[in-house]
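*Asks:* Chain by chain, the residues:
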Amino acid sequence: MALIEIENVSKIFGKDPKSVLPLVRQGRSKDEILKQTGHVVGLNEVTLSVEQGEVFVVMGLSGSGKSTLIRHINRLIEPTSGAIHVHGRDILKASPGELQRIRQTQMSMVFQRFGLMPHRTVAQNVAYGLEARGESEATRRAAADRWIARVGLTGYEQAYPSMLSGGMQQRVGLARALATDPEILLMDEAFSALDPLIRHDMQKVLLELQRELRKSIVFITHDLDEALAIGDRIAILQDGRLVQVGRSAEIILEPKTDYVRRFVAGVNRGRALKASDIMQPVRAIEAPSVSGDSILEKVLPIVMGTVAGVRVTDARQEPVGFITRERLVHAIVSGTLE
Amino acid sequence: MFPEGFSWPLEKWVNGFLDWLVTTHGHTFEAINWGVLQVLIRVERGLAALPWWLIIAIMAGLAWHASRSWRLPLLVIASFLLIGSLGLWAMAVQSMALMIVAVLIAVLIGVPLGVLMAELRAVELVLRPILDLMQTMPPFVYLVPAVMLFGLGKVPAIVATVIYAVPPLVRLTSLGIKLVDSEVIEASQAFGTGRMAQLLKVQLPLALPNIMAGINQCTMMALGMVVIASMIGARGLGEHVLTGIQRLDVGKAVAGGLAIVALAVTFDRITQAYGQRLMRYRQVQDNV
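Just so you know, the sequences run in chain order A and B. Residues in the first sequence are numbered from 1 upward in steps of one, following my numbering. Residues in the second sequence are numbered from 1 upward in steps of one, following my numbering.
Hints are computed from structural coordinates only; laboratory data are not their basis. No experiment lies behind these values; they were computed from the predicted model shown. In this text, a Cβ means the ideal position worked out from N, Cα and C, and glycines have one as well. Treat each hint with caution, since some may be false.
Stated by the list, open to error - Between beta-carbon pairs, the in silico distance windows are:
| # | chain 1 | residue 1 | chain 2 | residue 2 | range |
| --- | --- | --- | --- | --- | --- |
| 1 | B | ARG282 | A | GLY152 | 17 to 27 Å |
| 2 | A | LEU34 | B | GLU119 | 42 to 52 Å |
| 3 | B | LEU179 | A | SER29 | 47 to 57 Å |
| 4 | A | ARG101 | B | LEU104 | 34 to 44 Å |
| 5 | A | PRO22 | B | MET196 | 39 to 49 Å |
| 6 | B | ILE58 | A | LEU207 | 53 to 63 Å |
| 7 | B | GLU119 | A | PRO22 | 43 to 53 Å |
| 8 | A | LEU61 | B | MET196 | 53 to 63 Å |
| 9 | B | LEU133 | A | LEU34 | 38 to 48 Å |
| 10 | A | GLY152 | B | ARG42 | 23 to 33 Å |
| 11 | A | VAL320 | B | LEU179 | 53 to 63 Å |
| 12 | A | ARG101 | B | GLU119 | 50 to 60 Å |
| 13 | B | ARG282 | A | PRO196 | 50 to 60 Å |
| 14 | A | ASP232 | B | LEU200 | 39 to 49 Å |
Take the sequences, apply the hints, and build the full model.
*Replies:* Spelled out as structure tokens, the structure:
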């Protein structure tokens, strides 16, 4: 069983959400339902699961329901219908006290505009989750120091958030979320408010931490490059509906709808795809080897120097596949494998 | 002439209601009266027991603590020396005692009400028109029920003052709570903060600058009302002004008025400086 299971979750905003459910289940669109009933469909029968230890990215434009979706996992928002299980436990049945406990111990959240408490110092912000959980002063201080150091903010313990730049503030947000040692990290457009260079830095920080911590991360973004950079799997939402879930290569190479196709059209496939994403079965042809992890941009010059193509090898240098010149060019130029 | 038959006995009803209230709930009002009086007497005696220079020193100390500059303490010292030099020291201390007690009671009532108003839609719907009404009514009107229920004297003066001074505090508390960034509230909830802890650790601290502005307004209005309340037996500077007017002794009235202004400026500046100090953490905002 997956760590987080979301089944047929719908969320409708308006005066009488339940009355609109039948229309949603009939498959009416968000616009139709808004025109007909004045209700806004936030989520439309969404089903997905998040595995332990993966970075699961939910992507969509504004209004697609992605921020609504992530808030269902810690029940900051109640669904209109559907079921949500975490570790096999139905969190919709949790009492207020139990829910509070789950939020204190199992999952934490990072916010788009950081959500830091302006009247608390960096150290007090980082220790906030532990304070809410009722940990001792000594535990809180030790954890705060450790996580402040981990996100590279040593020396700023006593600063107030308003004295820090956006990127530094989000480091505080990240440290606060990690300080409670939660299993699940919910990140709502966590890096969207940062400028591109800082955003890139933060993505690296997150990936480095993740390599070691192996948290289960649900990451919301509207930026496909970000999704491809950090996501193990990517889900694409459109108007509250889940239109496709898959690894980044699947999303790029096999978009299921026009919406996804438009989304991925501008992607730099030479960088987003790896050799192992497009390889075919091994062929008994003598050819140079490339690692399965190399991005296509790196493979291109090697392939161009050959007649047939290149061999793809795994981490132990064993051949696992083959890429022809045509296949590589197709993949980079048109995003198809034929 | 307006037709005489076309009328309704409002005056009789109000009198009847008040009679009923006093006869059935007399004990409650007496208990309130006694309680408020005890507090007031202690504050009055406490202030009266302090030597004049110590009161000035305390106020100047507060001024320094609030502003961390030498200018405000100097202003405070000058104001109090002015009051003393006008021969109005004892009266000013009486007025201060009344005002302090009234503001204390107003805070005890106003802040919780403001919090409820911000959190519960129903409370806001009921309270808002009442607050609107209260703020448009001339302050004299509050003297009437106060006198009806508590007779003449200091306690009704305080009651009238509290009623008059509490609306801005309620409003600004409510505003302060509502202005707290919703993402910060969400963050506190996402980390499993309980309802009460959220109020005490997040909402109230962040609303404090606004609450302090409310206390500032409340203090100013209380000082104003303490003067008016001299009409129903409050002692102090107001009494001085009132007798000055009644006897057409303009000099006396002006001296009293000047002393009131001096007190008002002092308390206004000190409470404002505290409000500013509470926003220290916002200092370097353009950095973001």
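*Asks:* Taking the hints in turn, state whether each one holds.
*Replies:* The hints, checked one at a time:
1. B:ARG282 to A:GLY152: 17 to 27 Å: 25 Å, holds
2. A:LEU34 to B:GLU119: 42 to 52 Å: For GLU119 of chain B against LEU34 of chain A, whose Cβ atoms are near 30 Å apart, the range 42 to 52 Å is violated.
3. B:LEU179 to A:SER29: 47 to 57 Å: 37 Å, violated
4. A:ARG101 to B:LEU104: 34 to 44 Å: Once the Cβ atoms are compared, 39 Å apart, the range 34 to 44 Å for LEU104 of chain B and ARG101 of chain A holds.
5. A:PRO22 to B:MET196: 39 to 49 Å: Since PRO22 of chain A and MET196 of chain B have Cβ atoms about 40 Å apart, the given range 39 to 49 Å holds.
6. B:ILE58 to A:LEU207: 53 to 63 Å: With a Cβ separation near 59 Å, ILE58 of chain B and LEU207 of chain A satisfy 53 to 63 Å, so the hint holds.
7. B:GLU119 to A:PRO22: 43 to 53 Å: Given about 35 Å between the Cβ atoms, the range is violated.
8. A:LEU61 to B:MET196: 53 to 63 Å: 39 Å, violated
9. B:LEU133 to A:LEU34: 38 to 48 Å: 40 Å, holds
10. A:GLY152 to B:ARG42: 23 to 33 Å: The hinted range 23 to 33 Å is violated for GLY152 of chain A and ARG42 of chain B, with Cβ atoms some 56 Å apart.
11. A:VAL320 to B:LEU179: 53 to 63 Å: The hinted range 53 to 63 Å holds for VAL320 of chain A and LEU179 of chain B, with Cβ atoms some 59 Å apart.
12. A:ARG101 to B:GLU119: 50 to 60 Å: Check failed, 24 Å falls outside 50 to 60 Å.
13. B:ARG282 to A:PRO196: 50 to 60 Å: 28 Å, violated
14. A:ASP232 to B:LEU200: 39 to 49 Å: Cβ of ASP232 of chain A to Cβ of LEU200 of chain B: about 41 Å, so the range 39 to 49 Å holds.
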